[in-house]
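The residues making up each chain are set out below.
2 protein chains.
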Amino acid sequence: MRDEDKPEIRKLPLFRDMTGENFETLTRAAYAQSFPAQLEMIRQGEPADFLHVVMEGTVELFSGWRERETTMAVVRPVSSFILAACIKDAPYLMSARTIEKCRIVMIPAKDLRATFRTDPDFAMSTISELASCYRSVVRHTKSLKLRSSRERVAAYVLCQSRLTGNAASFILPMEKRLLASFLGMTPENFSRAVKSLQSDGVAVDGMRIIITNFEALEAVAGLDALIDGFGISGELNSA
Amino acid sequence: MRDEDKPEIRKLPLFRDMTGENFETLTRAAYAQSFPAQLEMIRQGEPADFLHVVMEGTVELFSGWRERETTMAVVRPVSSFILAACIKDAPYLMSARTIEKCRIVMIPAKDLRATFRTDPDFAMSTISELASCYRSVVRHTKSLKLRSSRERVAAYVLCQSRLTGNAASFILPMEKRLLASFLGMTPENFSRAVKSLQSDGVAVDGMRIIITNFEALEAVAGLDALIDGFGISGELNSA
DNA sequence: CGAGCCATTTGATAAATATCAAGTCGTGCC
DNA sequence: GGCACGACTTGATATTTATCAAATGGCTCG
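Sequence order for the protein chains is R and H. Take 1 as the starting number for the first sequence in this note's numbering and just add one per residue. Take 240 as the starting number for the second sequence in this note's numbering and just add one per residue.
Keep in mind the hints are simulated off the structure, nothing from the lab. Glycine residues also receive a C-beta, built at the ideal position from the N, C-alpha and C atoms. Incorrect hints may appear among the rest.
[Said to hold, decoys possible] Chain H is faced by these chain R residues, among others (derived, beta-carbon under 7 angstroms):
1. 44
2. 45
3. 63
4. 70
5. 84
6. 87
7. 120
8. 126
9. 130
10. 134
11. 135
12. 137
13. 145
14. 222
All chains should be modelled from the sequences, with the hints used to inform the complete structure.
Okay, here's the thing in structure tokens:
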């Protein structure tokens, strides 16, 4: 693992507060690996041996059942994923594949578990991280159960705008088919939902979204802090 | 709070491993309260001041958005709920109401947070609990996104059967309309889904479910450890 | 530059699910 | 016991969403 990786990882809320010594031990046991695009690096059901940290590239977390598949999250640098499985020493509930070429740091789950047993600050960070992740999934589930696909798209567009400083225009951060799957709909349905939002202040140009009428869009989206989670500190995590 | 409550709470995985002294401190600050049926005891959006523990009765966790409402979980004795909100000192993401008369022990969130800062064993239990809750929601989300409503009902029936020692017959543990909402469908749709499963080995008599053909039902349900979570130790929690 | 590939869009249609409206049934309360 | 209420069911219908099939269009790679 590169020298410049360590300070990046150290900045993560999960690792920020632990002792320097423990951080050193943990990262000494870790190693970095590069993966080409479209590689399935984690298969659901396998034992969780490593906490993964994306340093570069984009990772899709997805799950399959029978012939179906759904995107659970899209992870970007610098964030960790599949923490819960590592902690429980249980099988991964999700698979992971690279969307583009990635560099991933892998921290042995065994060392992780050993560390928060002895480092109270790390234990605290882990608690906080897990609670955030939990709340994040709950919010997403609420969105799935309470909103129609059109409303979910509207809410997503507005949220992205907020993340870009309330920009009226931004580029979608991932392929539409991934986004559609994440939002719980087919690509066709997503496409039509966006189109139907033209009458409510959304224009599209390829990957670019332009909000032409915030008020109208907000009326459709019905943003809610308890679903969309903006403005609540430390709750940006997704896995 | 009653004397006989303490040992019951102490048995929970969350409190099992902490020091006796800390447990005493925590429960001294706590108090029990009785609620009549159909009382909304927690409203989503309010600050999370107390960890709740159901001692008697049944509690529904639900969320609302616009005029819609959905059941997120149903909690029975003896379990805690809304741990994550307490930890993050953040607003509740879900509301809670009593299904029937309840006795609830309420532990101040402030004391909780103070305790796992000083008690490493309690911190460990909290980590484990949160990781389980997280995985539980992820599994439920997978079920919602990957299965049709009919398949969800089939899977639910089989899971309940397993929980009853693979009994061919059991009583539904909650009203059908609650179950329907929890499974992400309308009561009408639930009713029809059950009926349509008659041809796949499910019979109904009021609240009683009778499985007449396990093989056929399993073929529909496609039970999966990574969704239905059976057999994975310590992963029964839901909130 | 051109060919092919793949994501996206669009259209037509089907399936799943929700909604509305009665009607049935059981249960609790007077 | 009988009444009233609410849950559940059933039917008819509307809406939402998915599926299948066929363009379109951008992009990469030779």
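Here is what the structure says about each hint:
| no. | hint | result |
| --- | --- | --- |
| 1 | 44 | holds, 6 angstroms |
| 2 | 45 | holds, 6 angstroms |
| 3 | 63 | holds, 5 angstroms |
| 4 | 70 | holds, 4 angstroms |
| 5 | 84 | holds, 4 angstroms |
| 6 | 87 | holds, 4 angstroms |
| 7 | 120 | holds, 6 angstroms |
| 8 | 126 | holds, 5 angstroms |
| 9 | 130 | holds, 4 angstroms |
| 10 | 134 | holds, 5 angstroms |
| 11 | 135 | holds, 5 angstroms |
| 12 | 137 | holds, 5 angstroms |
| 13 | 145 | holds, 4 angstroms |
| 14 | 222 | holds, 6 angstroms |
When held up to the earlier numbered hints, the structure conflicts with none and fits them all.
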